[in-house]
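Heads up: the protein sequence lines correspond to chains Z and Y, in order. No gaps in the numbering here: position 149 of the first sequence is 149 in my numbering, and each next residue is one more. No gaps in the numbering here: position 41 of the second sequence is 41 in my numbering, and each next residue is one more.
Because the hints were derived from the structure by calculation, they are not lab data. There is no bait here: all hints are sound.
Here's a subset of chain Y near chain Z, in silico, CB distances under 10 Å, partners left out:
hint, residue
1, Met270
2, Glu310
3, Lys319
4, Leu320
5, Asn364
6, Thr367
7, Asn370
8, Ala371
9, Tyr392
10, Gln402
11, Ser403
12, Asn410
13, Phe415
14, Ala416
With a cut-off of at most 20 Å between alpha-carbon atoms, the simulated PhoX-like pairs for lysine-lysine come out as follows:
hint, chain 1, residue 1, chain 2, residue 2
15, Y, Lys63, Z, Lys188
16, Y, Lys427, Z, Lys46
17, Z, Lys186, Y, Lys62
Beta carbons are placed, not taken as given, at the ideal position from N, Cα and C, and that holds for glycine.
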Amino acid sequence: MSDSTYKVPTMQEMSAKGEAPEVLFWVGCAGSFDDRYKAVTIAFTKILNKVGINFAVLGPEESCTGDPARRAGNEFLFQMQAMSNIQVLNGYNIKKIVTACPHCFNTIKNEYPELGGNYDVVHHSQFLQGLINEGKVTLKDGGEFKGKKITFHDSCYLGRANGVYEAPRDVIKALDAELVEMKRCKTKGLCCGAGGAQMFKDAEKGNKEINIERTEEALETGAEVIAAGCPFCMTMMGDGVKNKEREHNVKVLDLAELIAKNQGL
Amino acid sequence: MEYISQIAFLLVLAVAAYFLAQRIGSIKKNINLGKEVDRSDNSGQRWKNTFLIAFGQQKMFKKFIPAILHLMIYVGFLVINLEVLEFIIDGVAGTHRIFAPILGDAYTVAINVFEFLAVAVLVSCVAFLLRRNVLNVKRLRSLSGWPKLDGNLILVIEIILMFAILTMNATDMLLQGKDEHYVQTGSFFFSSFLTPLFEGMSVDALVFTERFAWWFHIIGILAFAVYVTYSKHLHIFLAFPNTYFAKLTPNGQMNNMDEVTTEVKSMLGMDAGAPPAEVARLGAKDATDLTWVNLMNAYSCTECGRCTAECPANLTGKKLSPRKIMMDTRDRIDEIGKNIKAGKEAESGSPLFSDDYISAEELNACTSCNACVEACPVSINPLDIILQGRRYMAMEESSSPQSWNSMFQNVETSFAPWKFPPTDRFKWADKLKGEEK
Numbered sequence: 001m002s003d004s005t006y007k008v009p010t011m012q013e014m015s016a017k018g019e020a021p022e023v024l025f026w027v028g029c030a031g032s033f034d035d036r037y038k039a040v041t042i043a044f045t046k047i048l049n050k051v052g053i054n055f056a057v058l059g060p061e062e063s064c065t066g067d068p069a070r071r072a073g074n075e076f077l078f079q080m081q082a083m084s085n086i087q088v089l090n091g092y093n094i095k096k097i098v099t100a101c102p103h104c105f106n107t108i109k110n111e112y113p114e115l116g117g118n119y120d121v122v123h124h125s126q127f128l129q130g131l132i133n134e135g136k137v138t139l140k141d142g143g144e145f146k147g148k149k150i151t152f153h154d155s156c157y158l159g160r161a162n163g164v165y166e167a168p169r170d171v172i173k174a175l176d177a178e179l180v181e182m183k184r185c186k187t188k189g190l191c192c193g194a195g196g197a198q199m200f201k202d203a204e205k206g207n208k209e210i211n212i213e214r215t216e217e218a219l220e221t222g223a224e225v226i227a228a229g230c231p232f233c234m235t236m237m238g239d240g241v242k243n244k245e246r247e248h249n250v251k252v253l254d255l256a257e258l259i260a261k262n263q264g265l
Numbered sequence: 001m002e003y004i005s006q007i008a009f010l011l012v013l014a015v016a017a018y019f020l021a022q023r024i025g026s027i028k029k030n031i032n033l034g035k036e037v038d039r040s041d042n043s044g045q046r047w048k049n050t051f052l053i054a055f056g057q058q059k060m061f062k063k064f065i066p067a068i069l070h071l072m073i074y075v076g077f078l079v080i081n082l083e084v085l086e087f088i089i090d091g092v093a094g095t096h097r098i099f100a101p102i103l104g105d106a107y108t109v110a111i112n113v114f115e116f117l118a119v120a121v122l123v124s125c126v127a128f129l130l131r132r133n134v135l136n137v138k139r140l141r142s143l144s145g146w147p148k149l150d151g152n153l154i155l156v157i158e159i160i161l162m163f164a165i166l167t168m169n170a171t172d173m174l175l176q177g178k179d180e181h182y183v184q185t186g187s188f189f190f191s192s193f194l195t196p197l198f199e200g201m202s203v204d205a206l207v208f209t210e211r212f213a214w215w216f217h218i219i220g221i222l223a224f225a226v227y228v229t230y231s232k233h234l235h236i237f238l239a240f241p242n243t244y245f246a247k248l249t250p251n252g253q254m255n256n257m258d259e260v261t262t263e264v265k266s267m268l269g270m271d272a273g274a275p276p277a278e279v280a281r282l283g284a285k286d287a288t289d290l291t292w293v294n295l296m297n298a299y300s301c302t303e304c305g306r307c308t309a310e311c312p313a314n315l316t317g318k319k320l321s322p323r324k325i326m327m328d329t330r331d332r333i334d335e336i337g338k339n340i341k342a343g344k345e346a347e348s349g350s351p352l353f354s355d356d357y358i359s360a361e362e363l364n365a366c367t368s369c370n371a372c373v374e375a376c377p378v379s380i381n382p383l384d385i386i387l388q389g390r391r392y393m394a395m396e397e398s399s400s401p402q403s404w405n406s407m408f409q410n411v412e413t414s415f416a417p418w419k420f421p422p423t424d425r426f427k428w429a430d431k432l433k434g435e436e437k
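When you get a sec, could you build the whole thing from the sequences and use the hints?
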């Protein structure tokens, strides 16, 4: 592999060459199709390239994990999706998976084993934390986030669903930024409003949108960056910041984007 | 004549035991109306959770003030009930403070500890009454009707019972030395504050007051035990099995429907094993479609509202309230239990998932964020019930919201929840092609 340009090898290409990746990057539907989240996919891919991780993606062979179908009650559709994904993954003899979507992370990690899919699954925040700890990614001092207030919005499917609270925070701390916590964080974190397939329908009648409530809380911290680790949270918080007309001075960025920016990628 | 009080006591005991057994039996029957689910695994972890969460009150301590007040009532309840043992022996044998001569000075110490706890319970109950009725604690103030009355009644009853203990001890102390039936026990610190109230009384009046307080306390406790089985206060017993049998898998993991797996496997031409057993119903339409753990959850709920106070949907004014999910589930399974007892069709009345109990609007509003599950001090899982209701809506009724049906269609045909051609899935990588590192 030449080292001068970014590469995104697919599993199909790799296995044709008889090679196996160290880790499969599960991109997810949002990471593939959502314009905002595609930037996160690209940022993470650049980091993987830069560090020289031997990875691959499924590309066109990837399919929805079935998470939104299952949460909305359609168990048939979920299992159809899950089993065909498992057939593909097992066909390539995949062992380790990293994904930037907590919904994909939760489903593949916790729900695929019962259907015959057993993999070592990590969320990209954990993967990045590992790279930093191992010294494979050394963050530049005085980078653009040094001393800046960053708040992390816990994704329910990463935090309460799977108990991952520290990895994303470690990543932010490594940037030499000032991590400020919202009133509701970690186990008490407030949902962005999009989980449980809410992303795919209008909210029920109420007196407020959940993402507005959460954005207000994030803005109260005085943070210039709202860090997220989930495509749904990213959309919801981004919309919230726009609704509050604060997009000129408050950015919603994914953890991979924070690192990529620090590295000048 | 001399055995009359012992006979009366045994009678009271027998009546209480009868009603208690009846109630326990019917609650057990109702819980067993739920579907089977295996929670016999991993007993080590289960005991650990029971010790930490139920005995150790671990999750209560997320909020310090109510946790301390609750702890005093909890410890008071556990320890003061040791004294009930003496009440029962005395009542049956016609003795008075049978442990006093046996334990000597230790008895005085023990009763002083009980009195301290009685006062602590009293103070806590008064504080809880204030929180419920005067202070602006939204999750408590938002209750009305029977749930509100039930909460207040419990606290008032406990206050009266604690006063009965202190009155009994105060008059007892005054009678020691005046009536040989009353054993010398040494003085009790807290009830001695009450003695001035009774000092002017004749011996007969004192004996009457002391006996009245004794009977009042023991009948009160027995009546309370029966009352508890009709009340949200059932958590004092069920919190223990409820934490033991709680889900151990990660919160985010939804349970797999094996009956669907068999069918999907045969659709995909995979080896499906044994042909699927006749599946009565996919998901839950009524309380009997839920598991016995869901139903035990419902009886364990003490309606504290910590779940609802954390629910993002509820916080933003939507109808969904996890507390209501649990209360509705209990009300419905109670109704089904009564139907069966009355010889009516079990499913008479509105099913659990209908506008009379849990409406589609409530079900659909859930973000599955697990805040309610995390918030519950006794490991109740309202989310599990919600998701089973959604399964029925999606798979049996096809009554999911229209936009969810479109999402289902997209997943089915485009393999993504959005309608993009699957061939575009890898287009994001084009941007990187040839870009210098």
